[in-house]
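Protein chains in written order, with the working numbering: chain A, 1 to 157; chain B, 158 to 365.
No lab work stands behind these hints: they were computed from the structure. Beta carbons are placed, not taken as given, at the ideal position from N, Cα and C, and that holds for glycine. Any given hint might turn out to be false.
Said to hold, decoys possible - Computed, partial: chain B to chain A, Cβ under 7 Å:
(1) 245
(2) 248
(3) 252
(4) 313
(5) 323
(6) 327
(7) 329
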Amino acid sequence: MIRLLLILLAISTGAASAELSATAAWARASATGAQVGGVFLTLTNAGPTPVQVVSATCALAANVELHTHQMRADGSVGMMAVPTITVPAQGHLDLKPGSFHIMLIGLTSRLVEGTAFPLTLSTAAGDAMTVVVTVGPAAGMTAPAAAATTVVPCCPH
Amino acid sequence: MKRLLPLGAILLAIGAGVVLGCVLLAQRAQAQAAQLAPPAITGTAQHLEFALSDHHGRPLRSADLRGRLLLVYFGFTTCPDICPTELGYLHRLLVGLGADAARVTPLFITVDPARDTVPVLANYVGLFDARLIGLTGAEDAIRAAADSVGVVYSRTDVASTVPGFYLMNHSRSTYVIGPDGALIQRLDASAPLEAAVLAIRSLMKDLP
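Please take these sequences and the hints and turn them into a complete structure.
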């Protein structure tokens, strides 16, 4: 029922540009009291020009950032916030473990496996798209089956 | 005869194609085999040394675990992607080892003891594997443990509306420690899982 509401919410939100769509949005389950969570998804751009995702918001987190990995000179690895994530024209971009991801900072609620929550992405063109994020196992590397089939089109008119 | 020539040429071409295909396949198999054997650590052996507390608050020293094969990951719980990726790999590695997993001890040593207290670790490690032991301690005890096997880490402040929020940069490998405490090799989640399972199984032969 909650899923259905979220999907209806997703369909009713947003402005112009039906070119961007999202599939397989998922997050890893978090520990009790955990401050952070990572969201992964595949963004597909059916349009003739690249689409830049510039920000994201989520009611479950105080702060949402676009992140990628950075290898440092000493061989250690860290996260780095990026101002934009670009989805190529008539192409797709996988936000996945070890690569681009959306980071939830200051979680106000534990991410429980099997549940779902909305996340809103905004593009440089001013469009907004709300995606349903399914929570998978903490040790997961790919979207749980429940998330894999969910297609959320951006911003229907 | 003239008609046969093109046929001969075609057959020759097919033959050459098959040979080339075989060579390419063999090269690929070789490349895969090379990947299957993670590089062994050579030179002066580093020995894992620590005196920390486990996620139940009980003291645990490296000396207590001599005689066992250890799989050690240094990370922190406020780590959105790298640590879950590597700990998920560690979990799948233990699953891949089947009953043999009872012969190894998986450890998660925090590099962020300020936030990763005993209760925080207790909530965290079980998310990945019930066998995983979380370890924390004083800042200098953590640094000594990391230094003993050449793990590097540093705090990195990130701009955030969450007051005092920071992340840690850290070595990302899982460290395989032999029964004498010596660092044997490093595993990375990007390496094929089957290769790591084979590598760990082969190390078990030397266990007392």
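Structure-based check of all given hints:
Because the smallest distance between the Cβ of residue 245 (chain B) and any Cβ of chain A comes to about 3 Å, under 7 Å, the interface hint for this residue holds. For residue 248 (chain B), the suggested interface contact is upheld, since its CB lies about 5 Å from the closest CB of chain A, less than 7 Å. Look at residue 252 (chain B): its Cβ only gets to about 10 Å from chain A, farther than 7 Å, so that hint breaks. Below 7 Å, beta-carbon pairs count as interface contacts, and residue 313 (chain B) has one with chain A at about 6 Å; its hint therefore holds.
For residue 323 (chain B), the interface hint is violated, since its Cβ never comes within 7 Å of a Cβ in chain A; the closest pair sits about 10 Å apart. Taking 7 Å as the C-beta contact cut-off toward chain A, the hint placing residue 327 (chain B) at the interface holds, the least distance being around 5 Å. Hint on residue 329 (chain B) holds. Least Cβ distance to chain A is approximately 5 Å, under the 7 Å limit.
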